[in-house]
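Q: Sequence:
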Amino acid sequence: MLDGRKFKNHNLPNGTPIPNATSNNWWGNTQSGAYVWYDNDIIWKDSYGALYNWFAIDNTNGLCPSGWHVPTDDEWTALTNFIGGASSPHGNKLKSCKQVNSPLGGYCNTTEHPRWDENT
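Mapping of the sequence shown onto the numbering used here: position 86 corresponds to residue 86, and the numbering continues sequentially without gaps.
Just so you know, the hints here were simulated from the structure itself, not pulled from any lab data.
Straight-line alpha carbon distances no greater than 20 angstroms define the calculated SDA-like cross-link-like pairs of lysine to any residue that follow: (1) Lys95 x Thr72; (2) Lys93 x Ala50; (3) Lys95 x Ala78; (4) Lys45 x Asn20; (5) Lys45 x Ser23; (6) Lys95 x Trp37; (7) Lys45 x Thr22; (8) Lys45 x Lys95; (9) Lys45 x Trp27; (10) Lys45 x Asn24; (11) Lys93 x Gly49; (12) Lys45 x Leu94; (13) Lys93 x Tyr48; (14) Lys95 x Val36.
For each label pair, taking beta carbons as the anchor points, the in silico distance ranges come out as: (15) Gly28 x His90: 32 to 42 angstroms; (16) Ile83 x Asn29: 35 to 45 angstroms; (17) Pro89 x Asp58: 30 to 40 angstroms; (18) Gly91 x Asn25: 27 to 37 angstroms; (19) Lys93 x Leu51: 15 to 25 angstroms; (20) Ser88 x Asn25: 33 to 43 angstroms; (21) Pro89 x Gly28: 30 to 40 angstroms; (22) Gly49 x Ala78: 18 to 28 angstroms; (23) Lys45 x Trp68: 16 to 26 angstroms; (24) Cys64 x Leu94: 14 to 24 angstroms; (25) Trp54 x Phe82: 18 to 28 angstroms.
Positions of the beta carbon are idealized from the N, C-alpha and C atoms, including for glycine.
Work out the full structure: start from the sequences and follow the hints.
A: Structure, rendered in C-alpha cells:
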C-alpha cells in the first residue's frame with residue numbers, strides 16, 4: 001500500500017465486449033479495444049491474465065470496475081520510487097523474466113510469483 005492506494009493487477013472489462021485479437025496482424029492494426037493472451041495462447045490465461053491494448057485502456061467507458069482505475073504514469077513512478085527504483089530487488093519483482101529480451105535474463109523462476117504456475 002502506498003499513500004492509501006493498493007496496487008493490484010485486476011484487468012476487468014466494463015461489460016462492453018472487448019474482442020480477443022487472435023492474430024498478430026489484427027493486434028497490430030486494430031484501432032479499437034482488444035486483448036490478447038501471452039504468446040497468443042489461452043493456456044497462459046491463469047498465469048498472466050489478459051494484455052489489453054491502449055484503445056481498451058483509454059476507452060471512455062472505463063476498463064476497470066467502479067472504484068478502480070488503470071494506474072497513471074505518475075502512479076507507476078511513485079510506486080517505482082517507493083520500492084527503491086526499477087532495478088532494485090523489489091523493482092525486479094514487477095518485471096517479467098519471460099518476455100523477449102527481458103532485462104532479468106537467465107533462468108526464470110516463476111514459482112516466486114503467486115499467480116504463475118510452477119515452472120511455466
